[in-house]
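**Student:** Next come the chains, spelled out residue by residue.
Number of protein chains: 2
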Amino acid sequence: MTPINILVTIDANYIQPLQVMLKSMFLNNPEEHFRVFLMHSRLAPDHVDGITAFVERNGHTLSEVRIGEECFCDAPVVKHYTKEMYYRLLAFRYLPPELRRILYLDPDILVINPIRSLYDTDLSGWLFAAAYHDIIFAREINRLRFPEYNIKAYFNSGVLLMNLETIRARVSESEIYNFVRKHKNTLILPDQDILNSLYSQDIKKLDGFLYNYDVRYYKYRLLMAKKQVTMDSIVNDTVILHFCGKRKPWHKNYSGAFHALYKHYQKLALLP
Amino acid sequence: MTPINILVTIDANYIQPLQVMLKSMFLNNPEEHFRVFLMHSRLAPDHVDGITAFVERNGHTLSEVRIGEECFCDAPVVKHYTKEMYYRLLAFRYLPPELRRILYLDPDILVINPIRSLYDTDLSGWLFAAAYHDIIFAREINRLRFPEYNIKAYFNSGVLLMNLETIRARVSESEIYNFVRKHKNTLILPDQDILNSLYSQDIKKLDGFLYNYDVRYYKYRLLMAKKQVTMDSIVNDTVILHFCGKRKPWHKNYSGAFHALYKHYQKLALLP
Chain W
1 MTPINILVTI
11 DANYIQPLQV
21 MLKSMFLNNP
31 EEHFRVFLMH
41 SRLAPDHVDG
51 ITAFVERNGH
61 TLSEVRIGEE
71 CFCDAPVVKH
81 YTKEMYYRLL
91 AFRYLPPELR
101 RILYLDPDIL
111 VINPIRSLYD
121 TDLSGWLFAA
131 AYHDIIFARE
141 INRLRFPEYN
151 IKAYFNSGVL
161 LMNLETIRAR
171 VSESEIYNFV
181 RKHKNTLILP
191 DQDILNSLYS
201 QDIKKLDGFL
211 YNYDVRYYKY
221 RLLMAKKQVT
231 MDSIVNDTVI
241 LHFCGKRKPW
251 HKNYSGAFHA
261 LYKHYQKLAL
271 LP
Chain U
1 MTPINILVTI
11 DANYIQPLQV
21 MLKSMFLNNP
31 EEHFRVFLMH
41 SRLAPDHVDG
51 ITAFVERNGH
61 TLSEVRIGEE
71 CFCDAPVVKH
81 YTKEMYYRLL
91 AFRYLPPELR
101 RILYLDPDIL
111 VINPIRSLYD
121 TDLSGWLFAA
131 AYHDIIFARE
141 INRLRFPEYN
151 IKAYFNSGVL
161 LMNLETIRAR
171 VSESEIYNFV
181 RKHKNTLILP
191 DQDILNSLYS
201 QDIKKLDGFL
211 YNYDVRYYKY
221 RLLMAKKQVT
231 MDSIVNDTVI
241 LHFCGKRKPW
251 HKNYSGAFHA
261 LYKHYQKLAL
271 LP
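For the protein sequence lines, the chains are W and U, in the order given.
So for the first sequence, this note's numbering puts the first residue at 1; every next one is plus one.
So for the second sequence, this note's numbering puts the first residue at 1; every next one is plus one.
Just chain W, same shape as in the assembly:
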């Protein structure tokens, strides 16, 4: 099987969650080889060395993609989001030109089942593949925020499969910068807003239950993709659990249906 390319972009606050995410992915994909591309601008060399050692100890490879201070200097930093959140959209400019696809993953997720079916999604003609979150609510809000864009759906950018060949041909850095300059004041989730405003018609829809399950939904037993959501179906079938929102499972006083499972993987990730 071909290796699976994974893109992550973090700052120093997310090193441990990143390791938990990677550990869960490695453990549940024992037959895969992962090439992890770590895109960053501000991690200390010691931190990069630590992450590299972690990935190699688990039998996989890590490539550092260091972004110089001169890059992205026009992009606004909005609220509590770091500049790294823009990286995923322009990652293609800094990744090896021979890569044909890569899967971007947020660090606040667990990969609890084999990821191959997601990675091998047919992307012919598409730029990206992603899943919806909060579709109706988000769509209405975005119609008010970005009335001139024909936003068909609001995709979550935390799990983003990239067709690098079509992205290189069709995604324009200047178009993204122009959008950012124009909407600086209304951006809430900058990268996600850009993705949805400029490219929503070029994003293939993934099954959100399988590939980007918002754990906050569990409490309400929301039907997703017409499936009855049970703990069995999630643990057996869902590939990616996404701990969306401000409350994270590594925070004190977090509670949620997947708290113990998260701590389980955290323990395994931190074993020497």
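Some hints here could point you the wrong way.
Dumping the calculated DSS-like pairs for lysine-lysine here, alpha-carbon to alpha-carbon at most 27 Å [as the list claims (entries may be wrong)]:
| # | chain 1 | residue 1 | chain 2 | residue 2 |
| --- | --- | --- | --- | --- |
| 1 | W | Lys205 | W | Lys246 |
| 2 | U | Lys252 | U | Lys267 |
| 3 | W | Lys252 | U | Lys219 |
| 4 | W | Lys248 | U | Lys267 |
| 5 | W | Lys267 | U | Lys267 |
| 6 | W | Lys267 | W | Lys252 |
| 7 | U | Lys219 | W | Lys248 |
| 8 | W | Lys219 | U | Lys248 |
| 9 | U | Lys252 | W | Lys219 |
| 10 | W | Lys267 | U | Lys248 |
| 11 | U | Lys246 | W | Lys219 |
| 12 | W | Lys248 | W | Lys267 |
| 13 | U | Lys267 | W | Lys219 |
| 14 | U | Lys219 | W | Lys219 |
| 15 | W | Lys246 | U | Lys219 |
| 16 | U | Lys219 | U | Lys205 |
Think of the hints as simulated: they come from the structure by calculation, not from any bench.
Quick caveat: nothing in here was measured; it's all calculated off a predicted structure.
Model the placement of chain U on the given structure of chain W, informed by the hints.
**Tutor:** Same frame as chain W, but now just chain U:
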């Protein structure tokens, strides 16, 4: 290291939970060798073969301890409990005479950390080691139910470390039968009632937070053994999670803080 002897007693309804329990124990104790003694009277040979194959596939050994119909014929079957629940107290009569200690485990538990510290508990002078559950409430009830016995504490019998050498010398089958005949109508948890009424002063107290954590307590964040209970402390330190009560994590519509973690081990146990 010496092998760890484990005693289990189940009927056909508990085969899958037993496998989940054993799988969690094997996974979290990769350096141990377990000898599992399966005491039963009514399992079909196919079932025993299946459990044996499961244990051996995981690198451990299973010994069947088949109890004939002629044994325990005087013991009452109370309510929804099966006769197997009496076995643990008289297991010593049917186990190999060279065994010096054995750890009885209920099938409704997960072993999430190394079990060696529990197994090696110093039992000099004691018959058993066990943990308290619901101590104040249970003690009062039992004072009413069994006024003639000096019940010092109410131990949970779901995790019961046995000092087989002293048990052989001091536990009397006829004393147990006499107690059962006398209290047939007031027994609620027969084996546990016997254990506490006859032997509570010979049971060494285990740390319940570490070795027999009642998962129903989590919701109320009960302090046990003066420790602050957090999800981190449970996942990192607790050895045994006990899914006490009638609602079990393998039932439909179960909910609880450790549901996802249980399903995780269930999935691993059922992998081919």
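**Student:** Give me the numbers of the hints this structure contradicts, sorted from smallest to largest.
**Tutor:** The structure conflicts with no hint, since it agrees with every one listed earlier.
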